[in-house]
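**Student:** Work out the full structure: start from the sequences and follow the hints.
Sequence lines, in order, name chains C and Y.
To convert a position in the first sequence, counted from 1, into the numbering used here, add 1167.
To convert a position in the second sequence, counted from 1, into the numbering used here, add 1167.
Hint data in this document are derived by calculation from the structure and do not stem from the laboratory.
Hints should not be assumed to be uniformly reliable.
The list makes no distinction among identical chains, and a pair is therefore deemed to hold if it is satisfied within one copy or across any two copies.
In silico EDC-like cross-links for lysine to aspartate or glutamate, where the CA-CA straight-line distance does not exceed 16 Å [claimed, not checked]: (1) Lys1604 - Asp1541; (2) Lys1248 - Glu1228; (3) Lys1604 - Glu1458; (4) Lys1586 - Asp1446; (5) Lys1417 - Glu1433; (6) Lys1508 - Glu1614; (7) Lys1417 - Asp1529; (8) Lys1513 - Asp1454; (9) Lys1417 - Asp1390; (10) Lys1604 - Glu1542; (11) Lys1248 - Asp1456; (12) Lys1173 - Asp1607; (13) Lys1248 - Asp1390; (14) Lys1575 - Glu1351; (15) Lys1508 - Asp1380; (16) Lys1248 - Asp1607; (17) Lys1417 - Glu1383; (18) Lys1417 - Asp1440; (19) Lys1417 - Glu1235; (20) Lys1173 - Glu1614.
2 protein chains.
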Amino acid sequence: MLSDCKFSGLLTDLYELTMAAGYVQSGFEARATFELYVRSLPERRNYLVAAGLEQALEFLENMRFSGEEIAYIRNLPVFGKVSSKFFDYLSDFRFTGDVCAIPEGTIYFPGEPVLRVTAPIVQAQLVETSLLSILHFQSVIASKAARITAAAAGRQVIEFGSRRAHGIEAGVLAARAAYIGGCEGTSNTYAGHRFNIPVYGTQAHSWIMAHADEAEAFSSFLDVFPQATLLVDTYNVRAAVEKIIALGRKPHGIRLDSGNVLADSEWLRNRLDQVGWNDVEVFVSGDLDEERIESLLNSSARINGFGVGTALSTSSDAPALGVIYKLVEVDVGGRVQSAAKFSEDKHTYPGSKQVFRFSNPDGILSHDIIGHEDESYPGAQPLLVGVMREGHRINAKESGAGAHAAQKRFLAGRDRLPKAIRGLDAAVRFPVQYSRKLEDLFIQFRENLASSRT
Amino acid sequence: MLSDCKFSGLLTDLYELTMAAGYVQSGFEARATFELYVRSLPERRNYLVAAGLEQALEFLENMRFSGEEIAYIRNLPVFGKVSSKFFDYLSDFRFTGDVCAIPEGTIYFPGEPVLRVTAPIVQAQLVETSLLSILHFQSVIASKAARITAAAAGRQVIEFGSRRAHGIEAGVLAARAAYIGGCEGTSNTYAGHRFNIPVYGTQAHSWIMAHADEAEAFSSFLDVFPQATLLVDTYNVRAAVEKIIALGRKPHGIRLDSGNVLADSEWLRNRLDQVGWNDVEVFVSGDLDEERIESLLNSSARINGFGVGTALSTSSDAPALGVIYKLVEVDVGGRVQSAAKFSEDKHTYPGSKQVFRFSNPDGILSHDIIGHEDESYPGAQPLLVGVMREGHRINAKESGAGAHAAQKRFLAGRDRLPKAIRGLDAAVRFPVQYSRKLEDLFIQFRENLASSRT
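**Tutor:** Okay, here's the thing in structure tokens:
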């Protein structure tokens, strides 16, 4: 949709631009560190999955302001007192900061920074909105996919939700994130091409409806696609299956998209086995989510694979996470100062952080410590790694490698979660605590604030 | 994000491409009519708002397959038996169909087609996924915005949700759709530029946190932006307000983003009035939705405007609608045949349709009839109008005119809804029925089906 604006500097909330103008005009020069993290888990999530970093870094490398865009800002009445120094700044804008991040596919928890930006404060501020938007969305979808693929317990899950994702771009990126969260592929052909993800498709009701005869509709489709999965619920499921059997042409699979899927899948499996079609797969779609899949499998439904649409591509039960991007440190001319927010109901921890992950001897994760970045814990894995230095990606991956590596990382990580955290039910929270050093910094900051700022 | 693919033909589910190949290869030539509509209302919606047509038509006019994309499809194993006739077809692909649609900003109800495509069946099929995706998303957001702006009862509502929309494109288009649904503007600067929507912004906590002294932070911001709205909840709301008053520099407004907004807004209004700052506006943001706004206003909160983020930009209580695109008519060599789906739990109405809207003498809407397109009802307004002929837009609007005209249409339409439908609570459903002629067609189709197809 937005070809003309992929990396536009205008892709930001207006207040980022007013604050940027304020910093430039008032000559406030500082190097700032911001951290991006999620405040809390939605009710039906036990963990989250990092995703979207590849797109976020691509944005940081390429964000620019065109002359026309700068003219637009300059003409907004609110910028009436802003001097040309700021507009010159925008025309030369390049992101030159350093970025650390948790690699895509890593499992993470609330409070844990998934990205840390250190840059001149104007730059770090201007990229806030887009960083949040890019990393939030893919993490929402990957975390939902993680539940759905867990429920399918090894059976194939294909992402089918482009048509009800939040726009065309969201459909493409949902396919990518769903793949990271363990899906085997997607119906989104663009995502297949762009990210080298396996694509899958069957046939729609319209194919059957356009033909005067249902048997002819199946037959002519098999002529072109001998390995097709045929859709049998346009009129009457069992009648349709008998027509396919009568054709004597074995398809790859049969798809059920409505009706009593449990009963029909049992009948279908038996009927297929009866005629010796034991290898014809039963594929189910239509308003599925992780609870429905778990319930079907608990009822011993004999299903080989699932196509999951809307619930996955919109994460319909939890379409957003409380993700924020907070200033934690400011360096004004070499004087490093911590920063935090202490409003009545919300506060943040000051200081530049690292997440330390601890495992039991059997490899199962035991707990995380959110510490200061200069701490070290023998035996723990630090999750944040350097991904960008002075505006350039470190070890930029070939296109497509990102999603595959991320899926692999996620699947390995899920296997190391305590069993209760891995499941669908609300579990005892995975233990995450702040380090002693961060707690001290927090207390000290609050005391300074009480004495000096308020 | 997706500059290289804005109008890519790959932006579709794989099965659209396999069916297209099936039609081309089997020589099945027909002119088909598909209709796009929503099956049912989410629990907390009394009506829906049409939005996204401008982007949908832009897509239809520009959708193409590049050589590289065609090579990708050709190399997919599933296309192994597909002849070059199909790939030649793709390289020449242009959408040449006719489109009727309900104008953006029109209020509509389940079952009512918002778009009707008549085109060679291959074309009509290939555009399904993108049409659904584009029209669904903006309608979801405009319908949510309609509730939020209704709750605000004339007070300013600004869309603030880009950072948690489903990606960058979704943020931009959510801003557009929210504007159609009655918002006064957006914080999304790109959307402001692209769609000529008013943009708004205040300042973030980081501005305050980056300065060693809160009063200095306010003061230096006012130096550059004398008409600023200042954010007072970084540390302590009342202390911050006193600092602003002590500066003696009157801002345009004060923003509360957390805490006890009801109590703080009352205290703030009184305090501002006390010092003679009666025209300084109280602006509230932070986890707002229509219920929260209604509850604040029912408690007589004294608030001038609201910034609404996540709940609006993701329509968090109902992030998706059951929107479908169904074949209703096929014309094979002049023989016009109705089409419908009759699975056990879902059926569709055959025939090419029009929506007829009836009003009472006082202008308030009384009911809709979904009829056959060749019917006519004196005094009723037909909602679907021709918007594209042979692949070209009829009366293509200047960029930006679309969202403004649509907002105007929506606001006028909302005033004509029966009062119960206009409100937030679940109402008696607005009366929508199928015409006698469509009911007869439905029965006839079902009987034909029973005798011939199953």
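**Student:** Determine for every hint whether it applies to the structure shown.
**Tutor:** Now for the hints, and whether the structure bears them out:
1. Lys1604 - Asp1541: Classified as within; 10 Å inside a copy, 76 Å across copies.
2. Lys1248 - Glu1228: Result: close neither inside a copy nor across copies, 30 Å intra and 43 Å inter.
3. Lys1604 - Glu1458: Answer is neither; intra-copy 42 Å and inter-copy 42 Å both fail.
4. Lys1586 - Asp1446: Intra 32 Å, inter 58 Å, cutoff 16 Å: neither.
5. Lys1417 - Glu1433: neither (19 Å within a copy, 73 Å between copies)
6. Lys1508 - Glu1614: Classified as within: same-chain Cα gap 13 Å, cross-chain 69 Å, threshold 16 Å.
7. Lys1417 - Asp1529: Classified as neither: same-chain Cα gap 46 Å, cross-chain 63 Å, threshold 16 Å.
8. Lys1513 - Asp1454: between (37 Å within a copy, 13 Å between copies)
9. Lys1417 - Asp1390: within (12 Å within a copy, 76 Å between copies)
10. Lys1604 - Glu1542: within (8 Å within a copy, 76 Å between copies)
11. Lys1248 - Asp1456: Neither: 53 Å inside a chain and 34 Å across chains, both beyond 16 Å.
12. Lys1173 - Asp1607: neither (43 Å within a copy, 50 Å between copies)
13. Lys1248 - Asp1390: Answer is between; shortest inter-copy Cα gap is 9 Å, intra-copy 70 Å.
14. Lys1575 - Glu1351: Intra 12 Å, inter 46 Å, cutoff 16 Å: intra-copy only.
15. Lys1508 - Asp1380: Cα proximity of Lys1508 and Asp1380: across copies only (13 Å, versus 67 Å in one copy).
16. Lys1248 - Asp1607: neither (43 Å within a copy, 68 Å between copies)
17. Lys1417 - Glu1383: within (15 Å within a copy, 77 Å between copies)
18. Lys1417 - Asp1440: within (12 Å within a copy, 80 Å between copies)
19. Lys1417 - Glu1235: neither (60 Å within a copy, 33 Å between copies)
20. Lys1173 - Glu1614: neither (44 Å within a copy, 53 Å between copies)
Checked against the numbered hints above, the structure violates hints 2, 3, 4, 5, 7, 11, 12, 16, 19 and 20; every other hint is satisfied.
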